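Q: Chain residues, written in single-letter form:
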Amino acid sequence: MAFRRSDPAATADAELVASLRAGDETAFVALAGRHQASMLRLASTFVPSTAIAEEVVQDTWVAVLRGIDGFDGRASFKTWLLAILVNRAKSTGISEARSTATGDAGPAVDRSRFDPGGAWASPPRHWIEESEDRLLARGLRTRLESALRRLPSRQRAVVILRDVDGLTSEEVCRVLELSAVNQRVLLHRARGHLRAAVEEFVEA
Amino acid sequence: MTDYLEGSLPRGERRRLEAHLADCPHCTEYLAQMRATIRLTGRLEPDDLSAEMREDLGEVYRRWRDAR
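Chains A and B are the protein sequences, given in the same order. Residue 15 in this note's numbering sits at position 15 of the first sequence, and the numbers go up by one each step. Residue 215 in this note's numbering sits at position 11 of the second sequence, and the numbers go up by one each step.
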């Protein structure tokens with residue numbers, strides 16, 4: 001099976017896939033464990049409740065096993081898996097009401113922070129040298145998680161896949177069936193909201 | 205900014221943005237904050253499989269294996 005060189009996560013997935021094909025139940029459960037959080041987060045952007053998201057995840061594993069012999073390793077296992085998940089989630093037919101093409105229309109930075117000439121009226125204060133460990137320890141994690149939950153569903157799906165799960169932009173486009181331009185617009189808005197959440201937390 | 209971070213800004217616009225960044229500490233700060241936010245988001249921890257989920261998945265797997 002061809003998997004991307006020098007990607008330890010993809011290599012570990014490929015090994016687990018080989019074991020599960022050979023009948024190893026623990027390999028299957030380990031594989032499910034590795035992807036559980038990503039799958040639940042992504043499923044939650046399509047359906048209205050955690051319970052339904054969990055059903056979608058379970059359905060996805062049934063579909064994965066059914067299709068595993070057709071998985072040729074050209075895409076990474078994760079990309080293949082998440083594309084199946086998106087399909088399963090959409091086929092529940094109870095997708096969250098979608099807003100327009102790219103979700104909310106708000107700018108990434110509040111306009112009041114610029115003067116009429118477009119210069120920064122209220123420039124960003126310097127906070128990034130506060131250690132990231134300290135920021136996370138002080139409850140920023142909770143704040144970020146809740147900012148993530150409040151994002152419009154498509155922005156949430158894109159930023160979860162890119163920045164939490166570390167997929168490439170090409171993989172995100174494949175999983176969510178988005179154009180490259182749309183992917184970037186959604187990512188831009190989502191990251192803008194998250195940056196604002198971090199800023200609010202640091203400056204509170 | 206996102207197009208810049210994603211490496212998808214055309215060369216001319218990239219040069220213009222970089223020239224602006226060299227002169228504008230605020231936009232430089234903003235860009236650094238975007239990078240920090242991306243790093244922070246990337247460190248949100250996954251949750252573990254619940255025991256119930258583990259059991260359900262084991263059953264899904266055994267049914268598949270037995271039907272093969």
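You may find that some hints are simply not true.
These stretches of chain A come out as covered by chain B in the derived footprint (C-beta under 8 Å, 3 or more residues) [what the hints assert, rightly or not]:
no., region
1, 14 to 25
2, 29 to 42
3, 83 to 92
4, 194 to 202
Hints were generated in silico from the structure; no laboratory data involved. As the structure is a computational prediction, the values presented were derived from the model and not from experiment. Where is the CB? At the ideal position from N, CA and C, for every residue including glycine.
Q: Give me the numbers of the hints this structure contradicts, sorted from smallest to largest.
A: Failing hint: just 3.
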